[in-house]
Amino acid sequence: MMNIRFSLTAILLVASAAGAADSQAQTTGAVAGRIVSVQCAAHLQKNGTQGEVQLSSPRDIALGLSAGDRVQCTGAGYLEVLVSTGTKKITASDSWFTIPPLPPDPAFPKADAVIAQSLANYGRAGATRGNATDSRILWPSANAAVLPDRFVIRWAPLPQKIVLAVMSESKDVTIWGPTEVDGGAGSLKSAALSSALTGYKAKAGGTALILTLTPAKSSDWEEVHFSLLNARQEQELNAQLDFWGKNTGGLALLLGRGYSYSRFKLFADAADEYDSALSSVPESRYLLEDAIQANRLAGRPSRVKELQTRLASQPEAVNQ
Amino acid sequence: MSLAITGVMILIKLQIEKTDFGKQIESMSYDLLQHHLSAPATIHDLPVIVLDISGIEMRPTLGSQPALVTDRAPLRSIVEQLVKLPNPPKAIGLDVDFSPDSHGYAHPDDPSLFDFFLSQKIPITIGVNSSLALGPQRWLNDPKYIDLASCVVVPKPDQGQSTRYMPEETVVNYPTPMSRGIDEHCSSMAFALEYDTVKNFSSGLGWFVDTSRVKSDRQVTNSEFLVDYSPLQLLASSPPDALNPDELAKADLKDKIVLLGRTKNTTDTFTVPGKPEQPYAGVFLHACAIYTMENRPLYRLTDSGRIAIDFLFSLIIFGPFLLYRLSRHKQGKEVVVEHRFVGRLINFEALLLVVFAVWLVRYTHLMWDDFLLVAIVLVAHAPIEHATVGIGRWLDESLRSGRHASPPSSGPPSEGE
Numbered sequence: 001m002m003n004i005r006f007s008l009t010a011i012l013l014v015a016s017a018a019g020a021a022d023s024q025a026q027t028t029g030a031v032a033g034r035i036v037s038v039q040c041a042a043h044l045q046k047n048g049t050q051g052e053v054q055l056s057s058p059r060d061i062a063l064g065l066s067a068g069d070r071v072q073c074t075g076a077g078y079l080e081v082l083v084s085t086g087t088k089k090i091t092a093s094d095s096w097f098t099i100p101p102l103p104p105d106p107a108f109p110k111a112d113a114v115i116a117q118s119l120a121n122y123g124r125a126g127a128t129r130g131n132a133t134d135s136r137i138l139w140p141s142a143n144a145a146v147l148p149d150r151f152v153i154r155w156a157p158l159p160q161k162i163v164l165a166v167m168s169e170s171k172d173v174t175i176w177g178p179t180e181v182d183g184g185a186g187s188l189k190s191a192a193l194s195s196a197l198t199g200y201k202a203k204a205g206g207t208a209l210i211l212t213l214t215p216a217k218s219s220d221w222e223e224v225h226f227s228l229l230n231a232r233q234e235q236e237l238n239a240q241l242d243f244w245g246k247n248t249g250g251l252a253l254l255l256g257r258g259y260s261y262s263r264f265k266l267f268a269d270a271a272d273e274y275d276s277a278l279s280s281v282p283e284s285r286y287l288l289e290d291a292i293q294a295n296r297l298a299g300r301p302s303r304v305k306e307l308q309t310r311l312a313s314q315p316e317a318v319n320q
Numbered sequence: 321m322s323l324a325i326t327g328v329m330i331l332i333k334l335q336i337e338k339t340d341f342g343k344q345i346e347s348m349s350y351d352l353l354q355h356h357l358s359a360p361a362t363i364h365d366l367p368v369i370v371l372d373i374s375g376i377e378m379r380p381t382l383g384s385q386p387a388l389v390t391d392r393a394p395l396r397s398i399v400e401q402l403v404k405l406p407n408p409p410k411a412i413g414l415d416v417d418f419s420p421d422s423h424g425y426a427h428p429d430d431p432s433l434f435d436f437f438l439s440q441k442i443p444i445t446i447g448v449n450s451s452l453a454l455g456p457q458r459w460l461n462d463p464k465y466i467d468l469a470s471c472v473v474v475p476k477p478d479q480g481q482s483t484r485y486m487p488e489e490t491v492v493n494y495p496t497p498m499s500r501g502i503d504e505h506c507s508s509m510a511f512a513l514e515y516d517t518v519k520n521f522s523s524g525l526g527w528f529v530d531t532s533r534v535k536s537d538r539q540v541t542n543s544e545f546l547v548d549y550s551p552l553q554l555l556a557s558s559p560p561d562a563l564n565p566d567e568l569a570k571a572d573l574k575d576k577i578v579l580l581g582r583t584k585n586t587t588d589t590f591t592v593p594g595k596p597e598q599p600y601a602g603v604f605l606h607a608c609a610i611y612t613m614e615n616r617p618l619y620r621l622t623d624s625g626r627i628a629i630d631f632l633f634s635l636i637i638f639g640p641f642l643l644y645r646l647s648r649h650k651q652g653k654e655v656v657v658e659h660r661f662v663g664r665l666i667n668f669e670a671l672l673l674v675v676f677a678v679w680l681v682r683y684t685h686l687m688w689d690d691f692l693l694v695a696i697v698l699v700a701h702a703p704i705e706h707a708t709v710g711i712g713r714w715l716d717e718s719l720r721s722g723r724h725a726s727p728p729s730s731g732p733p734s735e736g737e
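Protein chains in written order, with my numbering: chain X, 1 to 320; chain E, 321 to 737.
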């Protein structure tokens, strides 16, 4: 049975971490709530400040809120906020609603904010946590997971033929290929490939795979390790997707599904969900940031670039 | 009068030091001194070696940690190879930030990797930074891993400078309800591997020079020391690829401290004194810190030492004139020194000062970063001297006219200049 509380907490954490990933390897401040819908004259008071800012739709949809922030709805209509206990509908009769803190994770202590700030003031880590090495293979990205029936290979286009192959991780079984394709195409979706992956999983039960890409007439090849979900993971994923389908709708449903796919490293599917969420509220800069991060993990550089251009043209975040 | 001129010149120099121009000159002086520290002849003379792990892929981890982190399997494999070498290294440092956060480990495989490191006979240390905020003993989440942790922070440089200092240790005070809190000491990677502190100046010259300084910000205190970057070029020129067994076999690792770090395609790059044109990966800074600890520390002037050395050098230059003038006065002779001669002599002495400060640094290790300012002020002494002499004469004449108004005195004549 799925742990509902955990899932809702995790979506908020993941969503907050995704937004911060560009600027920091790890974030200590967590988003404890998100604006899902603004159907009234709504106001936000950030924790520790006296001033109020007006919330508007669609600009502030998916805006991250910290524990202690307060929101209010005045007049007719309602405001919906996703918090760790579920979606909260706020009307004028509720007066101010304070965003509750995320439930503590017993396994890991909370960071001391004062110490964290002092450490950041002093310097930065002189150690590796750096960038990924450039690879021609865009998808699957390293360590990602895929579903056989939706599997697509993407690479940085090359003006020559390339040879693709999928092998077991120990390289003792060639599951598909080697197949020569046009390097300029940049992607390949093949029924034969999907079928081969499904067959391998059913017969051998293996999930760890390697995709190799070799430019024709070249010994310079690249490989990426990825995996198929095993039966248990697929069951868990489906349970989570069912939960989101039954308990949420609209934007919350898309965010929830995006989280679940991310958790199982199905980054391409996660990016699709975040893209859908963005298309439902295209003016939300916060959803744009989420979609950029998701597409980056899914190895879609052109989409990332397009979204970044859109982000650059957006007005500055006013409520963060 | 010469003493007054010296005092005025020191005051002027102290004011210039506070300006952007003064800071630039000091930075230039420090770079010059770093350049002239004696570098080891070959890589074999170094106590530390950097092995490049740039070839290891960065893996995305999702859930609590969406960032890319260094893949753990190749890291483990490299360490396994190193500890199995017939002539294994003395110690191994992994310049990789393993900091967990309040949501979990940086990589799911970290606990098993840490267990593996702890089981080795060779001392192994790994990097942490932000996780110091998680609480005492929690830097690698589980207290049983605390002995593996070392701090890999590189301090922000002072304004107008590059990274001169590296920390020796970071002390974090964790608040407790009933006491002043618990102090936990996180050794820097260099200190954790070298097991030695930077030697302090033990003689009576502590008021004049020291080897470290302390920086505090609320609950975090860092003691830091000046780093000798003279081996940087040797370390950074084609470090062996840790993923290449042939290169690993060729590298002379016996009794050396081995640092594993990403030297390319990394975000942890820093500029260092003497080489401002190129940023260097953090692992090289840690290696130079180890070298400094193993070798000789660099000395910095204390505030009192700085004033003393400024005064001393000014006095060395003006002292002979002072003595000459005093002796001429005592003999009742007129003081005749051609100004042009004085100017040339002082310029020559300023030049000597520069040459000696730079040339001697390889022996003294004294990073006297305002020697150029002192030299500049000395060279520009003429207008200062004229102004000071003018004021002195005016005072003298005022006193004389005061004496003429009162009954005649039988005291000695005033000294004049």
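No wet-lab data here; the hints were simulated from the structure. Values in this document were obtained by computation on a predicted structure and should not be read as measured data. Please note that the accuracy of each hint is not assured.
Some chain E residues well away from chain X (every beta-carbon gap over 10 Å; in silico) [said to hold, decoys possible]:
1. E346
2. D351
3. P367
4. Q401
5. V416
6. S451
7. L452
8. A453
9. V472
10. V474
11. P487
12. K535
13. Q539
14. V603
15. D623
In silico DSSO-like cross-links for lysine-lysine, where the CA-CA straight-line distance does not exceed 30 Å [unchecked claim]:
16. X:K305 x X:K88
17. E:K595 x E:K338
18. E:K584 x X:K217
19. X:K110 x E:K595
20. X:K161 x X:K217
21. X:K305 x E:K584
22. E:K535 x E:K574
23. X:K110 x E:K338
24. E:K333 x E:K476
25. X:K246 x X:K217
26. X:K88 x X:K46
27. X:K89 x X:K189
28. E:K441 x E:K476
29. E:K404 x E:K595
30. E:K535 x X:K110
Computed spacing ranges between beta-carbons, pair by pair [to be verified]:
31. X:L188 x E:G480: 33 to 41 Å
32. X:S190 x E:E614: 24 to 32 Å
33. E:K476 x X:Y78: 54 to 62 Å
34. X:K46 x E:G480: 55 to 63 Å
35. X:S190 x E:G480: 39 to 47 Å
36. E:S557 x X:Q314: 56 to 64 Å
37. E:S558 x X:R150: 40 to 48 Å
38. X:P58 x E:P428: 46 to 54 Å
39. X:K246 x E:D462: 31 to 39 Å
40. E:P495 x X:E52: 51 to 59 Å
We put the beta carbon where it would ideally sit given N, CA and C, even for glycine.
Hint check:
{"no.": "1", "hint": "E346", "result": "21 Å, holds"}
{"no.": "2", "hint": "D351", "result": "20 Å, holds"}
{"no.": "3", "hint": "P367", "result": "19 Å, holds"}
{"no.": "4", "hint": "Q401", "result": "19 Å, holds"}
{"no.": "5", "hint": "V416", "result": "5 Å, violated"}
{"no.": "6", "hint": "S451", "result": "8 Å, violated"}
{"no.": "7", "hint": "L452", "result": "6 Å, violated"}
{"no.": "8", "hint": "A453", "result": "4 Å, violated"}
{"no.": "9", "hint": "V472", "result": "4 Å, violated"}
{"no.": "10", "hint": "V474", "result": "4 Å, violated"}
{"no.": "11", "hint": "P487", "result": "8 Å, violated"}
{"no.": "12", "hint": "K535", "result": "7 Å, violated"}
{"no.": "13", "hint": "Q539", "result": "5 Å, violated"}
{"no.": "14", "hint": "V603", "result": "7 Å, violated"}
{"no.": "15", "hint": "D623", "result": "22 Å, holds"}
{"no.": "16", "hint": "X:K305 x X:K88", "result": "35 Å, violated"}
{"no.": "17", "hint": "E:K595 x E:K338", "result": "24 Å, holds"}
{"no.": "18", "hint": "E:K584 x X:K217", "result": "29 Å, holds"}
{"no.": "19", "hint": "X:K110 x E:K595", "result": "40 Å, violated"}
{"no.": "20", "hint": "X:K161 x X:K217", "result": "9 Å, holds"}
{"no.": "21", "hint": "X:K305 x E:K584", "result": "24 Å, holds"}
{"no.": "22", "hint": "E:K535 x E:K574", "result": "36 Å, violated"}
{"no.": "23", "hint": "X:K110 x E:K338", "result": "42 Å, violated"}
{"no.": "24", "hint": "E:K333 x E:K476", "result": "26 Å, holds"}
{"no.": "25", "hint": "X:K246 x X:K217", "result": "53 Å, violated"}
{"no.": "26", "hint": "X:K88 x X:K46", "result": "18 Å, holds"}
{"no.": "27", "hint": "X:K89 x X:K189", "result": "43 Å, violated"}
{"no.": "28", "hint": "E:K441 x E:K476", "result": "35 Å, violated"}
{"no.": "29", "hint": "E:K404 x E:K595", "result": "37 Å, violated"}
{"no.": "30", "hint": "E:K535 x X:K110", "result": "25 Å, holds"}
{"no.": "31", "hint": "X:L188 x E:G480: 33 to 41 Å", "result": "54 Å, violated"}
{"no.": "32", "hint": "X:S190 x E:E614: 24 to 32 Å", "result": "58 Å, violated"}
{"no.": "33", "hint": "E:K476 x X:Y78: 54 to 62 Å", "result": "47 Å, violated"}
{"no.": "34", "hint": "X:K46 x E:G480: 55 to 63 Å", "result": "36 Å, violated"}
{"no.": "35", "hint": "X:S190 x E:G480: 39 to 47 Å", "result": "59 Å, violated"}
{"no.": "36", "hint": "E:S557 x X:Q314: 56 to 64 Å", "result": "46 Å, violated"}
{"no.": "37", "hint": "E:S558 x X:R150: 40 to 48 Å", "result": "45 Å, holds"}
{"no.": "38", "hint": "X:P58 x E:P428: 46 to 54 Å", "result": "37 Å, violated"}
{"no.": "39", "hint": "X:K246 x E:D462: 31 to 39 Å", "result": "38 Å, holds"}
{"no.": "40", "hint": "E:P495 x X:E52: 51 to 59 Å", "result": "33 Å, violated"}
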